[in-house]
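Enquirer: Next come the chains, spelled out residue by residue.
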Amino acid sequence: MVKLTQRLGGLVLRFAAFCAALGAVIAMITSRERSSFFVISLVAKYSDLAAFKYFVIANAIVTVYSFLVLFLPKESLLWKFVVVLDLMVTMLLTSSLSAAVAVAQVGKRGNANAGWLPICGQVPRFCDQITGALIAGLVALVLYVFLLIFSIHHVVDPFLLRKS
Amino acid sequence: MAKLALAATSGKSCKILLGLRLLAFSATLSAAIVMGLNKETETFVVGKVGNTPIKATFTAKFDHTPAFVFFVVANAMVSFHNLLMIALQIFGGKMEFTGFRLLSVAILDMLNVTLISAAANAAAFMAEVGKNGNKHARWDKICDRFATYCDHGAGALIAAFAGVILMLIISAASISRLAQQNKCCSTTASPSVVP
Numbered sequence: 000m001v002k003l004t005q006r007l008g009g010l011v012l013r014f015a016a017f018c019a020a021l022g023a024v025i026a027m028i029t030s031r032e033r034s035s036f037f038v039i040s041l042v043a044k045y046s047d048l049a050a051f052k053y054f055v056i057a058n059a060i061v062t063v064y065s066f067l068v069l070f071l072p073k074e075s076l077l078w079k080f081v082v083v084l085d086l087m088v089t090m091l092l093t094s095s096l097s098a099a100v101a102v103a104q105v106g107k108r109g110n111a112n113a114g115w116l117p118i119c120g121q122v123p124r125f126c127d128q129i130t131g132a133l134i135a136g137l138v139a140l141v142l143y144v145f146l147l148i149f150s151i152h153h154v155v156d157p158f159l160l161r162k163s
Numbered sequence: 000m001a002k003l004a005l006a007a008t009s010g011k012s013c014k015i016l017l018g019l020r021l022l023a024f025s026a027t028l029s030a031a032i033v034m035g036l037n038k039e040t041e042t043f044v045v046g047k048v049g050n051t052p053i054k055a056t057f058t059a060k061f062d063h064t065p066a067f068v069f070f071v072v073a074n075a076m077v078s079f080h081n082l083l084m085i086a087l088q089i090f091g092g093k094m095e096f097t098g099f100r101l102l103s104v105a106i107l108d109m110l111n112v113t114l115i116s117a118a119a120n121a122a123a124f125m126a127e128v129g130k131n132g133n134k135h136a137r138w139d140k141i142c143d144r145f146a147t148y149c150d151h152g153a154g155a156l157i158a159a160f161a162g163v164i165l166m167l168i169i170s171a172a173s174i175s176r177l178a179q180q181n182k183c184c185s186t187t188a189s190p191s192v193v194p
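Those protein sequences? They're chains B and W, same order as listed. Quick note on numbering that gives the first Met the number 0: the first sequence kicks off at 0 and runs consecutively. Quick note on numbering that gives the first Met the number 0: the second sequence kicks off at 0 and runs consecutively.
In isolation and in its complexed conformation, chain B is listed as follows (with noise of 0.2 Å):
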């Protein structure tokens, strides 16, 4: 019985990471605008900031890798796998969302001693979405560390408390 909790409870987090990830990638992939600037028509698109893209790439591999986990049999071997492949995912998660947020920083608040101008006062909406899919990637980041302690207790039973 503690078994099946521990299982669903597992499918459970990891369904919503796979939508938080999913979530992510569709939201900043939409996002586009289009302002005009006096006589400069400024298009803004997620592609124009590596770190951005980066974002995408990386929501989009957490995204196929978990909807493929979600389907891994109970009692294959390939779950020792990955225990190590979480602790990747989470990784580049994390990697990519403080990259996304470091540079949207800077274009919400801009950089004085660069004299680098904000780009969200140009381009409201676009900034609003970019900072929603920046939360649905965090979510998938808290989300992922509950399944990497899940999964090392899944696997490895520090505590001994399955007796065989």
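Just so you know, these hints were derived from the structure itself, not from any lab. Accuracy of the hints is not assured; some may be wrong.
No farther apart than 30 Å at their CA atoms in a straight line, the calculated lysine-lysine pairs in the BS3-like style are these [stated by the list, open to error]:
1) B:LYS107 x W:LYS14
2) W:LYS134 x W:LYS38
3) W:LYS47 x W:LYS60
4) W:LYS60 x W:LYS38
5) B:LYS107 x W:LYS11
6) W:LYS60 x W:LYS14
7) W:LYS140 x W:LYS130
8) W:LYS130 x W:LYS38
9) B:LYS2 x B:LYS79
10) B:LYS52 x W:LYS134
11) W:LYS60 x W:LYS140
12) W:LYS140 x B:LYS44
13) W:LYS140 x B:LYS107
14) B:LYS52 x W:LYS60
15) B:LYS107 x W:LYS47
16) W:LYS130 x W:LYS47
17) B:LYS44 x W:LYS130
18) W:LYS54 x W:LYS140
19) W:LYS14 x B:LYS52
20) W:LYS130 x W:LYS11
21) W:LYS54 x W:LYS130
22) W:LYS130 x B:LYS107
23) W:LYS11 x B:LYS79
24) W:LYS130 x B:LYS52
25) B:LYS44 x B:LYS107
26) W:LYS47 x W:LYS134
27) W:LYS130 x W:LYS14
28) B:LYS79 x W:LYS14
29) W:LYS134 x B:LYS44
Chain B is already provided as a structure; the job is to place chain W on it using the hints.
Expert: Only chain W this time, still in chain B's reference frame:
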């Protein structure tokens, strides 16, 4: 699996782990120090009044950019964590690394892996914006004027990425040690449990 358990209880893998932790400690500490002391002052001609040029002095420091501040702080934290683990391994010879202690070492290693990877990547992408600029957002690049600042920053970034790879290996080793429940670097090895 039994061979793996035997290898984990020997002293050689403990020495390799200690060597890896020393390398990671030195890499992250040097990254933090190099970025923390990164500062360059340059004087530029910004205009002319008649025939005399007007000069202005600009400074590039690491704390102008929040990503670099996060980089320095995170590298300092990770190097402190590694120092703590090294001290624990050298001076905690009689302590039993079983149960909760082993789990907390593994969890701390995982948290520090995520922390250092986040810091290194944030600083890398900010440095890329500073090096190449961004013509869509009309942000000028700064590396053509502050070349030494950019070079030092690049060196700190390389050290931090070396620290990321080392921390990943260390964390994987700590997680695999959870499966063996053994003491590291002690004379008597407890019977290992093979899952």
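Enquirer: Flag every earlier hint the structure violates by its number, smallest first.
Expert: Hints 1, 5, 6, 15, 19, 20 and 27 contradicted; others consistent.
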